[in-house]
Amino acid sequence: MTLVYVEHQDGRPDDASLQAIALAREIAGDAPLHALLAGPEAEDAAAGLGAHGVATAHIADHEVLATHAPVALARCIGELIERLSPSAVAAAGSERGNEVMAHAAALGDLPLAANCIAAEAGDPMGVTRIRWGGSLLEDARLHGPVKLLTVAPHTVEAAEVGGGPTAVERFTPSLGDADQVVRVVETVQQSSEGGVNLADARFVVSCGRGAGSPEGFAPAEELAALLGGAVGCSRAVTIAGWRPHTDQVGQTGTKIAPEVYLACGISGATQHMAGCKGAKRIIAVNVDPEAPIIANADYAVIGDLHEVIPAITAELRKAGAG
Amino acid sequence: MNILVCAKRVPMTGGTIVLTEDEQAIQTRHLGFTISPHEECGVEEAVRLIEANGGESVVLALGPSEAEEQLRDAMALGIDRAILLETADEFDGQATAAAIVAAIEAERASGVEFDLIFFGNESADSGNYQVGIRVAHALGRPCVTGVKGITVQDGRARCEQETASGRDVYDVPLPAVVTVKEGLNLPRYPSVPGRLRAKRKPLATSAPSGRAAGVEKLRLRLPPGQGKQAEILGHGPEAAPAVVEVLRRAGLVA
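Protein chains in written order, with this note's numbering: chain A, 1 to 322; chain B, 1001 to 1254.
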């Protein structure tokens, strides 16, 4: 059998976890697929998993699991490995999925292949995983008595396969004091200040070093406001201290997925492209027709962002937007 | 207090990745190298904490002899000394963690205990998301990951993670392992005197012992769909109507 650690929120499994289930189902073949859930509303989240082919959902009950507690979760995985002897354990390649699986791998001294996009059952298991935030692929053999892997988000499609209802089995993991040290003790809600969240924005306009200065972002701010979008920037800009790191689009910044991404004065380093590959359409504005971003964009305007962005804003105003 | 920062030497890939003929690595003949971005912030945080609290900061890298360049860079920013675990081989997550644990135990044997050990949340290149966590378990220390804010007080570390809706806070006793993310701070630029001092700071090199790879790399390849050529909408401000048309087709303009 194959086990999947499922993250969930508001009583619903996360999309990335459903994608991990889809890959795990391929690995499992005819063997049963089990899931592990923990935390508040786990039972609600488990209810819909049958449709995704999960035969049994194991729900861990422990007070420390009321908030995120990665070592405790890894112990739960370890207990289920002992009890159920799965051939593989998968989770979403989310921040927390990768974290919990790394703890489970450390506890069991097992190899872990992070952010896989494909896997072929076997011993060793054949996997393809991403490097450089998705700019490079690695074909690898995953060894170990139990194969641990995470699934890179948005690389495998989740699918309902019309399975029967999921059987729910509750268990109380045996946790030592050391397993409960690392846990969320406080959650600080950020006031949104009426701004649009970069990660969720339907329109993003970013500028790179080509903006020239912090003030050089004013036209981009105006255009974003007009379209109800957000302003982003490249890593070069945050390193220069022109914009806060929260505005950075990239492998080490925010991953965006807008309908349109307008990338202005950005060369298109792999670091940046790893953050915007989720965009439906990329329009590059660049003075250099040879800039790497031109080869990775859907549309391009050859020109200076200081002229092009205000012209777009003016054209929108003329068209009656805003 | 004593702080260890583990940092990785990675190529600055620029716009296009080219692979070596044997498909085992990135062609780096024309590339510069840097410390992986998350770890740059680890270096900066270590320097700030030692400036504020006193003690010693140490930087460690596992990699080729050329990684000395990144270790000197870290020392130019204020790190006191460096450890190079020199190998031409690419270690997987388990092997890297085992080598680092051995180095930390050697430090302990010579009387140095680290209160904090910083890692990057994941390296820019291989992105295994596991080395810091494995080291923490081997040493029996707590590990907080993805940290973008840290306050050290009274033998504890208060660590903050960024979430979609705000921040999650952890509070762990020292000694601890913390994996950090870019945005934790804005790393300083090295000064000229800093660079000169770095040349004279101690750097200890040793050969780590490897172990069979649990994640055994067969080959690297570029993802499909590379190098599509953009449709040119126009030149300069005259292209604005065509851009608005794309926005309209995307449903962003009525």
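Some hints could be false.
Unchecked claim - No farther apart than 20 angstroms at their CA atoms in a straight line, the calculated lysine to aspartate or glutamate pairs in the DMTMM-like style are these:
no. : chain 1 : residue 1 : chain 2 : residue 2
1   : A       : K255      : B       : D1089
2   : A       : K277      : A       : E222
3   : A       : K318      : B       : E1238
4   : A       : K255      : B       : D1125
5   : B       : K1228     : A       : D123
6   : B       : K1228     : A       : D15
7   : B       : K1201     : B       : E1023
8   : A       : K277      : A       : E259
9   : B       : K1217     : A       : E120
10  : B       : K1217     : A       : E79
11  : A       : K277      : B       : E1238
12  : B       : K1148     : A       : D247
13  : A       : K277      : A       : D247
14  : A       : K277      : B       : E1068
15  : B       : K1228     : A       : E259
16  : B       : K1148     : A       : E95
17  : B       : K1217     : B       : E1068
18  : A       : K277      : A       : D123
19  : A       : K280      : B       : E1231
20  : B       : K1217     : B       : E1105
21  : A       : K280      : B       : D1125
22  : B       : K1217     : A       : D15
23  : A       : K277      : A       : E41
24  : A       : K318      : A       : E307
25  : B       : K1217     : A       : E259
26  : B       : K1217     : B       : D1125
27  : A       : K280      : A       : E307
Stated by the list, open to error - Covered stretches of chain B (in silico footprint by chain A; criterion: 3 or more residues with CB under 8 angstroms from a CB of chain A, positions within the stretch not fixed):
no. : stretch
28  : 1063-1072
29  : 1196-1205
30  : 1209-1217
Derived by calculation from the structure, the hints in this document are not laboratory data. Built from N, CA and C at the ideal position, the CB exists for glycine as well.
Hint check:
For the hint pairing K255/A with D1089/B, the CA-to-CA distance comes to about 31 angstroms; that exceeds 20 angstroms, so the pair is violated. Pair hint K277/A plus E222/A does not hold up; C-alpha atoms about 24 angstroms apart against a cutoff of 20 angstroms. Between the alpha carbons of K318/A and E1238/B the distance comes to roughly 14 angstroms, so the proposed pair stays at or under 20 angstroms and holds. A distance of roughly 17 angstroms separates the Cα atoms of K255/A and D1125/B; the hinted pair therefore holds under the 20 angstroms criterion.
Taking the CA atoms of K1228/B and D123/A, the gap is near 37 angstroms; set against the 20 angstroms cutoff, the hint is violated. Pair hint K1228/B plus D15/A does not hold up; C-alpha atoms about 29 angstroms apart against a cutoff of 20 angstroms. Distance check on the hinted pair: K1201/B and E1023/B sit about 37 angstroms apart at the alpha-carbon level, beyond 20 angstroms; violated. A C-alpha spacing of about 11 angstroms is found between K277/A and E259/A, which places the hinted pair at or below 20 angstroms, so the restraint holds.
The suggested pairing of K1217/B with E120/A holds, with an alpha-carbon distance near 15 angstroms, which does not exceed 20 angstroms. For a cut-off of 20 angstroms, the pair hint linking K1217/B to E79/A is broken: about 29 angstroms separates their Cα positions. A threshold of 20 angstroms between alpha carbons decides the hint, and for K277/A with E1238/B the separation of about 27 angstroms lies outside it, so the pair is violated. Distance hint between K1148/B and D247/A is fulfilled; the C-alpha atoms sit about 14 angstroms from each other, no more than 20 angstroms.
A threshold of 20 angstroms between alpha carbons decides the hint, and for K277/A with D247/A the separation of about 16 angstroms falls inside it, so the pair holds. For the hint pairing K277/A with E1068/B, the CA-to-CA distance comes to about 34 angstroms; that exceeds 20 angstroms, so the pair is violated. A distance of roughly 18 angstroms separates the Cα atoms of K1228/B and E259/A; the hinted pair therefore holds under the 20 angstroms criterion. Restraint check: the Cα-Cα separation between K1148/B and E95/A comes to about 13 angstroms, which is no more than 20 angstroms; the hinted pair holds.
For the hint linking K1217/B to E1068/B, the alpha-carbon distance of about 25 angstroms lies beyond 20 angstroms, and the restraint is violated. With a CA separation close to 33 angstroms, the supplied pair K277/A and D123/A exceeds the 20 angstroms bound. With a C-alpha separation of about 15 angstroms, the suggested pair K280/A and E1231/B falls inside the 20 angstroms cut-off, and the hint holds. Under the criterion of a C-alpha separation no larger than 20 angstroms, the hint pairing K1217/B with E1105/B is inconsistent with the structure, at around 29 angstroms.
Proposed proximity of K280/A and D1125/B is contradicted: the alpha carbons are some 25 angstroms apart, above 20 angstroms. Restraint check for K1217/B and D15/A: not satisfied, since their Cα atoms lie roughly 29 angstroms apart, outside the 20 angstroms limit. At roughly 33 angstroms between alpha-carbon atoms, K277/A and E41/A are farther apart than 20 angstroms, so this suggested pair is violated. For the hint pairing K318/A with E307/A, the CA-to-CA distance comes to about 17 angstroms; that is within 20 angstroms, so the pair holds.
Restraint check: the Cα-Cα separation between K1217/B and E259/A comes to about 36 angstroms, which exceeds 20 angstroms; the hinted pair is violated. Pair hint K1217/B plus D1125/B holds up; C-alpha atoms about 13 angstroms apart against a cutoff of 20 angstroms. At roughly 25 angstroms between alpha-carbon atoms, K280/A and E307/A are farther apart than 20 angstroms, so this suggested pair is violated. Given as covered by chain A, the stretch 1063-1072 of chain B fails the check, having 0 residues with a CB less than 8 angstroms from a CB of that chain where 3 are the minimum.
Under a criterion of three residues with beta carbons nearer than 8 angstroms to beta carbons of chain A, the stated coverage of the stretch 1196-1205 of chain B fails, only 0 such residues being counted. Given as covered by chain A, the stretch 1209-1217 of chain B passes the check, having 6 residues with a CB less than 8 angstroms from a CB of that chain where 3 are the minimum.
The structure does not agree with the numbered hints 1, 2, 5, 6, 7, 10, 11, 14, 17, 18, 20, 21, 22, 23, 25, 27, 28 and 29 stated previously, though it agrees with the rest.
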